[in-house]
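In case you want the letters, here they are:
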Amino acid sequence: MKDAFGAPQSLLVLGGTSEIALATARRLIALRTRRVWLAGRPSPALDAAAAELRGRGADVRTVDFDALDSASHEVTLGKVFAEGDIDVVLMAFGVLGDQARDEEEPMAAVRVAQTNYTGAVSAGLVCAGALQAQGHGSLVVLSSVAGERARRADFIYGSSKAGLDAFAQGLGDALQGTGVQVMVVRPGFVRTRATAGLPEQPLATGPEEVAEAIVTGLRRRSETVWVPGSLRVVMAALRHVPRPLFRRLPV
Amino acid sequence: MSVDTVSLTGWGRTAPTTAVRFRPRGYEEAAAVVRGRGPRGVIARGLGRSPGDAAQNAGGSVLDLSGLARIGGVDAAAGVVRCDAGVSLERLLRVLLPLGWLPPVLPGTGRVTVGGAIGSDLPGLDHRRAGSFARHVSALELLTADGEVRTVLPGTALFDATAGGLGLTGVVLGATLRLRRVSTGLMAVSTERAGDLDDLLARFTAGGDRLPYASAWVDLTARGRATGRGILTRGEHATPDMRPAHAGRTRLFPRSGAAPGRSPFPGLPPLPGGLLGPAAAALCNEVRYRSSPRARTGELRPVPAFFHASDSLPDVRPLHGRGGLVRYRFTVGYGQEETLHRVVRRIAARRSPAVRAVLQRFGAADPGLLSFAAPGWSLELDLPAALPGLGRFLDGVDEEVAAAGGRVCLAQDSRMRPETAAAMYPRLAEFRELRARLDPAGAFRSDLSRRLGL
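Chains as they are written, first to last, in the numbering used here: chain A, 1 to 251; chain E, 1 to 454.
Don't take each hint at face value.
Covered stretches of chain E, going by a simulated chain A footprint (3 or more residues, C-beta under 8 Å) [stated by the list, open to error]:
(1) 7-14
(2) 212-224
Sample of chain E residues with no beta-carbon within 12 Å of chain A, all distances over it, derived [what the hints assert, rightly or not]:
(3) R40
(4) A69
(5) R193
(6) R392
(7) R415
(8) P418
Derived from the structure by calculation, the hints contain no laboratory data. Glycine included, each C-beta is placed from N, C-alpha and C at the ideal position.
Taking the hints into account, I'd like the entire structure generated from these sequences.
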């Protein structure tokens, strides 16, 4: 159960090697979390992440989860929920893709869309159903500002996140009154392994800042979290910039 | 019986969860709910005044017993009343006082049901003399996991587990209470101001137990030499000769059935940021401290006005903002006053907007396995949950209290760690063992029991 400050006792991370998710897990373990499930494709990185969190005093288990294999989500996640209540589900899986290559190879682009959107739809619905049955819990969905308005530079990734964002907002409204909270997190450019070689953009943050914002959002029971918070204003303005002008902007 | 699906929180409005709420009109309907429960169990709920998650059951059933509120027979000669669990202490007081009797234990609020008072084994303002609520229960009717209603008598293991058992041993449906005889409906009240915490504790102990009902408000915003200053209010039941001569014709007791005064302020919607900042809270406290008399004795007040003064105040929860409020109540033994000092200093140093803080003195511990009261001092305070870093701060206070052999009140908790609870309540293992034996499937569960693994 979550305490009065929204700190969960059990956490399920979908995309168990995500740097943002692990930074969040570390913070939550320092607060209250005792049981952590890391869901992801089996890899040495996943085991290393589990071992690291175990060292911080949590009971960590890993579960075999593939975002692309939507048909398996119900069974895989059902097993996790059968083991006990999950207070917070953190949907942190996703791929950035490579815009230039993806434009050349449609199948690679489809893979981005399937991971970020289709996989999240099936996993999100399975988790939402399970949380609804237990009458409490939070579903934290890692969206992106890229989904707020499509840019020339990353519209394949951006469009998949736009779909995910709309899905999560709708799911949040559908779950109103069921005791389940859906929180959409929209970080800007985050310095992680995936963005290592890319040119940094303005208002860039690190995984720690995003994790901090997620923990604060859980405490406040927020519906939308922007990281950094100033992006809310920036994107509110950018959303209304006329397209001919938007194309010329260096963003 | 009305049934609906609702999102419930405690009085503190933190951590909402959704459950199916049943409002039974009789014992049979309540038993039917327990027999037909789902896998996530049942918990009883009264007026919802517990600040934490003791009366919530996420994804399960909640038995709202506030409608089950008949006062059965009052034996005015023997001083015994038989009533349903949903009767509030406020109403019980209103009915009994004209007959010359009082509920056995009166806490600082009347908005508690008899069931809730048993489930949290509520200590009254005269705990040193009377002990907690369940000591005055001569029998209670308990709806257990098999759907049967049993009469449980004091001295049995099930009674001791149910007293202070947070509703986890079954649903208390009714109880027989032994009452306290009073000769007037008035209290003789003495009020004194104490300049710091040492002074306050000294005044508490000074008068002995001549005035049995005692509690103090502590100013947690005062700092420096005034840290822990407060107002001590003590009272005793007035005898007829205590009334002034010109009051010869005033009634000894209020009229039967007089309704309590309603608050003139309707509930406000929650305010976004919380209006009550440190400066506003300090100002409130300063005014309250300065406007109280330095020392006054023999003031006569009606019984409800003495015990339930806070109930007539407007609901201040909106001032704490959307995040709700967290109530922290702990007790430390006599001889551990240094811990009390340290906690008060730490809260004052944080400049938290603490307006409500009540200090009490407890007597001998009660037989209930999870009863809160233990000999020593008890401090209860409300803080806005939105204060940054409050969770960790209170964890730190928990450690300090546990190290001093004290404990934090489970019935009002919304944030403790399971390990801390186990360390503070040494008889928890016994309670778990008894629960596992009587209710192996875990029919009675609450968010609190899930969170703390009770």
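Interface-negative label, E:R415 against chain A, beta-carbon threshold 12 Å: The claim breaks: E:R415 does not keep its Cβ more than 12 Å from every Cβ of chain A (closest is about 4 Å).
Verify the coverage statement for the segment 7-14 of chain E against chain A, using a C-beta to C-beta distance below 8 Å and requiring 3 or more qualifying residues. The restraint on the segment 7-14 of chain E holds, since 3 of its residues have a Cβ under 8 Å from chain A and three suffice.
Holds or violated: is the Cβ of E:R193 farther than 12 Å from all Cβ atoms of chain A? E:R193 is indeed farther than 12 Å from all Cβ atoms of chain A, at 33 Å.
Okay, the segment 212-224 of chain E and chain A, do three or more residues pass the C-beta test at under 8 Å? violated (count 0)
Is it correct that the beta-carbon of E:A69 has no partner in chain A closer than or equal to 12 Å? The assertion about E:A69 holds, with a minimum of 27 Å to chain A.
Just want to verify: E:R392 was marked as not at the interface with chain A; is every Cβ pair farther apart than 12 Å? 8 Å, violated
Are all C-beta atoms of chain A more than 12 Å from that of E:P418? Violated, since 8 Å does not exceed 12 Å.
Using Cβ atoms and 12 Å as the threshold, tell me whether E:R40 really stays out of contact range of chain A. 7 Å, violated
The structure fails to meet hints 2, 3, 6, 7 and 8 from the earlier list, while all remaining hints are met.
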